[in-house]
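**Q** So you can see what is in the structure, the chains are spelled out below.
There are 4 protein chains.
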Amino acid sequence: MIGYGFMGAAHSVGWRQAPRMFDLPRAVEMTVVVGRNADAVASAAEKWGWAESATDWREVIGRDDIDIVDIVTPGDSHAEIAIAALEAGKHVLCEKPLANTVTEAEAMAEAAERARARGIRSMVGFTYRRVPAVTLLRDMISEGAIGTVQQVRAAYRQDWLVDPDMPLAWRLQKEHAGSGALGDIGAHIIDMTQFVTGLGVESVTGTLETIVKQRPLQADGSGLSGSAGEGFGEVTVDDAAIFTGRLSNGALASFEATRFATGRKNALTIEVSGDRGALAFDLEDLNSLRFYDRTAPDGRQGFTRILVTEPQHPYVSAWWPAGHMLGYEHGFSHQVVDLVGAIDAGTDPHPSFDEGLRVQRVLDAVERSSSADAVWTGVASPVPAS
Amino acid sequence: MIGYGFMGAAHSVGWRQAPRMFDLPRAVEMTVVVGRNADAVASAAEKWGWAESATDWREVIGRDDIDIVDIVTPGDSHAEIAIAALEAGKHVLCEKPLANTVTEAEAMAEAAERARARGIRSMVGFTYRRVPAVTLLRDMISEGAIGTVQQVRAAYRQDWLVDPDMPLAWRLQKEHAGSGALGDIGAHIIDMTQFVTGLGVESVTGTLETIVKQRPLQADGSGLSGSAGEGFGEVTVDDAAIFTGRLSNGALASFEATRFATGRKNALTIEVSGDRGALAFDLEDLNSLRFYDRTAPDGRQGFTRILVTEPQHPYVSAWWPAGHMLGYEHGFSHQVVDLVGAIDAGTDPHPSFDEGLRVQRVLDAVERSSSADAVWTGVASPVPAS
Amino acid sequence: MIGYGFMGAAHSVGWRQAPRMFDLPRAVEMTVVVGRNADAVASAAEKWGWAESATDWREVIGRDDIDIVDIVTPGDSHAEIAIAALEAGKHVLCEKPLANTVTEAEAMAEAAERARARGIRSMVGFTYRRVPAVTLLRDMISEGAIGTVQQVRAAYRQDWLVDPDMPLAWRLQKEHAGSGALGDIGAHIIDMTQFVTGLGVESVTGTLETIVKQRPLQADGSGLSGSAGEGFGEVTVDDAAIFTGRLSNGALASFEATRFATGRKNALTIEVSGDRGALAFDLEDLNSLRFYDRTAPDGRQGFTRILVTEPQHPYVSAWWPAGHMLGYEHGFSHQVVDLVGAIDAGTDPHPSFDEGLRVQRVLDAVERSSSADAVWTGVASPVPAS
Amino acid sequence: MIGYGFMGAAHSVGWRQAPRMFDLPRAVEMTVVVGRNADAVASAAEKWGWAESATDWREVIGRDDIDIVDIVTPGDSHAEIAIAALEAGKHVLCEKPLANTVTEAEAMAEAAERARARGIRSMVGFTYRRVPAVTLLRDMISEGAIGTVQQVRAAYRQDWLVDPDMPLAWRLQKEHAGSGALGDIGAHIIDMTQFVTGLGVESVTGTLETIVKQRPLQADGSGLSGSAGEGFGEVTVDDAAIFTGRLSNGALASFEATRFATGRKNALTIEVSGDRGALAFDLEDLNSLRFYDRTAPDGRQGFTRILVTEPQHPYVSAWWPAGHMLGYEHGFSHQVVDLVGAIDAGTDPHPSFDEGLRVQRVLDAVERSSSADAVWTGVASPVPAS
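Protein chains in written order, with my numbering: chain A, 3 to 388; chain B, 3 to 388; chain C, 3 to 388; chain D, 3 to 388.
In short, the hints are calculated from the structure, not lab data.
Put simply, identical chains are the same to the list, so a pair is met inside one copy or across any two.
Taking lysine to aspartate or glutamate pairs in the EDC-like style, the calculated list, with each CA pair at most 20 angstroms apart, reads: (1) K49 with D25; (2) K49 with D340; (3) K215 with E236; (4) K215 with D277; (5) K49 with E31; (6) K176 with E369; (7) K215 with D167; (8) K176 with E236.
Produce the entire structure from the sequences given, and follow the hints as far as they go.
**A** This is the structure:
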């Protein structure tokens, strides 16, 4: 695993738990974790259960005892590491977003295509796909439970920027973070929409907004370009993005990604309306899925809250008896299950780098639309979901 | 009362109940209801408790024993009737939308302005303002409970057009209905946003959509321009409208008005985020208001579900003890209370015709934006809320 | 109508609205309201729309122009008035509880039986039966939607006695009120349980509790037996009742009636579990009913929230379009609809005085059980639901 | 760890995750898991990450490299193993219920008392105490957030016995299981009530019920005393228990433990009403806690849904950022954290064996009350919560 921040902790749980709860077709060993600070990464290795730590990722991806490279570094290093790892013949799991730019993402997708020909697998880490209720949502749409998709509403709402006194962290500066709410949490709802509907976003109209435009400089100046004497600095990324997409079947999908939804902590919601029914999911109630069946008898219709904790539900039987709740990090175990399963079966796991690229292209189109007064803007080469 | 459709029934409940539950400063008499079909309107008069019925509205507005004219006809006749009534010196209550066009609405606002100088009052019927929880929402924002408004999300979702076999009624044809989901239910969420925030929508970007573009002609051809022999006709109004507005303080408000939200029957929702808190309302749970107080102690914050059925809440003390639910039609009584109160006090009731005009101008800007590929479009002469 | 307190206001709405919203088979005239204080009752008559007022109920029930006597006085006068009215050949609607004692209730049921032979109808006012969702709950059980009833949980929770400084009102003294939470709100959940299941409560075990045992005497001494000099008086009725009943099919039903459920204002809830499904209702969300269908496919089961606002639902079509909420007082209109319909059809309306008596006998058994250390205690002559 | 069933899997997650997510004061090694079937336990050891497996628990508790014995066997073996382990100087974590009988539990509590004198710690595994929202509930009551506790309602509802065709498993036979719903899930709500309120249950009135009295014999006869030829056997344990307890401050607590709540999978709920507020928890929404503050301003009161996923909340900061959900098994990690912390600090962890014994005595009193027609029955030697 390359990287050891918050995502490193979450991926480590996945690697640690998946073999203990599921019957994986191949054994998994947590060999080495890589980071630039030798002491810190050694400490992370010990804490999270990795056998070794290292500081040079290039050396590690050259090792013979490494089969899979899991990339959890910031987005601006994804392309370089992933391409090198694929070329070294390692299967790659890369945390989202695939990259900070479309160009990088394209290079990665091409590298993945070349690697695929040699039996090397690649996967991007949109783990919310693997919340059982989200997988069930996808399955039910694909089985026709709601008929033709006619409208989608997806939102990802947080509130950690509401406080105007929150300092100007590196995540709020474009040169360091690449993007704001759009790239970070907007990417999730674009991927989820495409995943559950099986439809691509083909064009968009949208607006990026920076609600609090200046923030106090951090005391230690960390990550700041300005000098320490100044009191305030400019926020140069969006903190809210509101956009609408046209899906490949013509349906409209509306999106909101914001860090200014006061009181909403991590509220990813999606509702898909079809001509035979509707399905709705809320990450703050992640063990349930709501289903409206328009073919039920008149006067008996309504949203059914399916508690997605039954053995019949995706991934659930490996965990606890019916009615026992799963949480945030279970998706990381499911990701490992699917990746290792695909490697063993010789198939390509999802989401592929192509799917990651597709999300980047939608993000890019939203940025271009926003710069052009919200005019409808085409997404480059959209690819239908496979 | 001119008109006797569904809205006539609702307004009649208001006129009948308000004097019985509230202490009005003046007595109210339900004198006469007017409609074109003499038998039908006579029957409505008897059923709903009007003393007389009549077929000529011009004659009625000339009568000396009439003080208030309540207009519940379709939108295309509002301007003519309202202007005539105001000029005849009658106070006017006009159901929303104020008119089908901005031009008509402007003429009405001017007539109201002239009448005001003579002590004649006018009011447009956005009754959802008078759901106690909505009034409380407005009061709390105005008291500073959520600080500065930073984002608004408003939606009005219905599903009665999801069935593709639903025939092509007059409401789905532009020449008869003027507008679709935007003008009918979108108008409500625009007014509510402006009402509760005290801010005007100054520019918009939006998309109007007709999801089912052709529908079966009605068997009896009622309201159809096409001949009876054809099987299908074109739907010429929008059935979904997705738009974003810039408020007068710079905040963004996102809107959805749709008749394709499968499973949602009459789901008007609004959530207002501020820098000190948030407030959320859902018409399907109309007796409650959710309030997030960001100034509460850390670790104790959350959305509080205020049951708006206490005697301290707006309008509630006139009804039942704490905890007893109100319903849809209570707003029509509250409308009467406020109108009669204003007439007696010699003040101007709200929403004024100016406020109705302002909503029409926003609707018009959305239509223009939609025609121009969603580009940001200014609202004509927005007026700050008074 | 005899009486003009809070219940008088609610019954008046029923009499006033029902003929205006429903097609009643007979015309209804609000002739006269009766009370002891001539000025106050005259004022109520004018306010609520009764043609006259009077102070002598005996005289009124002798009038030829009176067909129906509606009794909304305190419970200790129900028996005398109702029996006299029935003997005078008037149809009687009597607010719940039927009486303060079983003996009185028996006499009333006997009087109703004699009157029935002469075509005179009687009905007791458990209006919560007529909330559309509750009627639907009953219909669905009777259609077999949940199979055999195996467990019932019913609760009525309020909190208006939580404040220990609330003074010792007459309702808290046994000599004036007869009973406390048990008789007032416990009666509702017993009736509702028997109504929706069609089963009788045959025996009970229960505990009555007075949580705050002393309260400040009221400043004006109203309704107090003690002298004004004392600071505190004894609360002599229960303020919480917890009991369990055995239903006629052997199922257990658990009940809680309390005025100490802090934060719960008028929270009547019921959940019925059967071997094929379950149904749940909550008066704080009175426009919905939750249905669990155990015969739905595995992995797709869950509680469906049926919004009981469709034209197919009981009583709803007379009101507003789908999705428009009803409130507390609508049940009073439905009560009038059913009573007038039964009178016109020559059938006996429900709940009958027998059903009201049955509730009193259950209350009495709970009191006897509580006095005997909660030992299981039989209900006198339970009668199966008709 | 002795035992390797479903609870063994859950405890293993706790031992595996706690050191990886929390900063424990001492290192934890998963040394050996013990079971009677050598192959099966070896397989469990490998799967769950235990270094070794063994078949003789007596030998294992004698080993010098063992410091803690974790007992997850069925209840009838708890006493023998726990007492032996304590006498061997090992700290003991024993899964709930502490034992199948009061006598056994008393012996265990005495052994724990003796061991405590030698610095040996013991703890019983009511892990629901360690759901962050439940710990917060306890903390808030103890800080006075709801004032004096006046009423408690606790329920644990499941539905896995609703199907009458479910065969007669060993858990449904008294000679094997000891108790039914009461002992298994009723124990949880008794412990939780005592834990969060800090009050003991001093007397009870209750009824045990076996709703489906006969069930099909299992095909393989496993766990059955009857011969294979018979078609049906008797269910000899309760499948529903409804009881009321008197707490040590005089408040009433009502309880329901049932496996016949159709549609409820693992629905543990508790609501505590006090004179200054109320707190409510639902295990199906385990990341939240609802708080009603009666000292908030009039007209602004309501239940606040606190999302218990902030760093300020108990245990949470070791996991994920604010708003990320935890699940069922996290409590097992928290249990390890608290146990290891107490061992290191030289303090006694909770719940102690005394607390486990107290729960057993309440269960015993409920059984005795049920056998005596529900008469109020004292709990032996209740001990106030420490």
